[in-house]
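Heads up, the sequence shown is in this note's numbering, so the first residue is 1 and it goes up one at a time.
Take the hints with a grain of salt, since some may be wrong.
Claimed, not checked - With a straight-line cut-off of 16 angstroms between C-alpha atoms, the simulated EDC-like cross-links for lysine to aspartate or glutamate are:
1. K83 x E69
2. K55 x E107
3. K87 x E65
4. K93 x E57
5. K87 x E69
If you're looking for bench data, these hints aren't it; they were derived computationally from the structure.
Since we're looking at a predicted model, the values are computed, not measured.
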Amino acid sequence: MIDPITEIENFNFDDWLFAVKEGELKEIEICENTQNPIFSAFFNIMIKDFYKYIKIENILNQLQEQYNELIKLSKKDNEQITKNLQKQIYFTKTLRIYVTEIQKQAEYLRFFLHLQKQVNSKKIK
1 MIDPITEIEN
11 FNFDDWLFAV
21 KEGELKEIEI
31 CENTQNPIFS
41 AFFNIMIKDF
51 YKYIKIENIL
61 NQLQEQYNEL
71 IKLSKKDNEQ
81 ITKNLQKQIY
91 FTKTLRIYVT
101 EIQKQAEYLR
111 FFLHLQKQVN
121 SKKIK
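Let's have the full structure, built from the sequences with the hints guiding it.
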């Protein structure tokens with residue numbers, strides 16, 4: 001059996017995140033590739049949040065494109081453009097708050113893994 005601590009220490013988060021963004025990994029693959037229940041639980045949560053984050057990131061990019069388009073059209077119908085901009089600002093702020101919450105949750109999970117590693121290392125000694 002693979003040592004859970006070694007498994008976590010050797011895991012490449014950047015490669016994993018890139019694979020998730022590219023749609024190459026699914027939740028089931030993460031579970032099959034680890035024998036550590038804490039590690040599995042961590043990724044079950046993280047992969048869902050990263051998918052949410054990627055969707056939000058795409059929405060923010062679309063909003064930015066719409067905003068740029070509205071700036072180009074701003075000389076035509078200022079009242080309608082102002083209303084559209086107000087809606088976009090509201091949605092953008094809401095999405096950014098959500099992204100911040102996901103980032104906080106990811107930090108909490110990383111901290112949890114750090115604590116779990118410390119607990120396990122003390123049990124081994």
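16 angstroms limit on alpha-carbon distance, applied to hinted pair K93 and E57: Status holds; Cα separation ~13 angstroms.
Restraint status (C-alpha distance of K87 to E65 at most 16 angstroms): 14 angstroms, holds
Straight-line alpha-carbon gap K55 to E107, limit 16 angstroms: Distance ~20 angstroms between K55 and E107 Cα, so the pair is violated.
Given hint E69 paired with K87 - CA-CA distance at most 16 angstroms: Status holds; Cα separation ~15 angstroms.
Satisfaction of hint between E69 and K83, Cα-Cα up to 16 angstroms: With Cα atoms ~14 angstroms apart, K83 and E69 stay inside 16 angstroms; holds.
The structure shown violates just one earlier hint, number 2.
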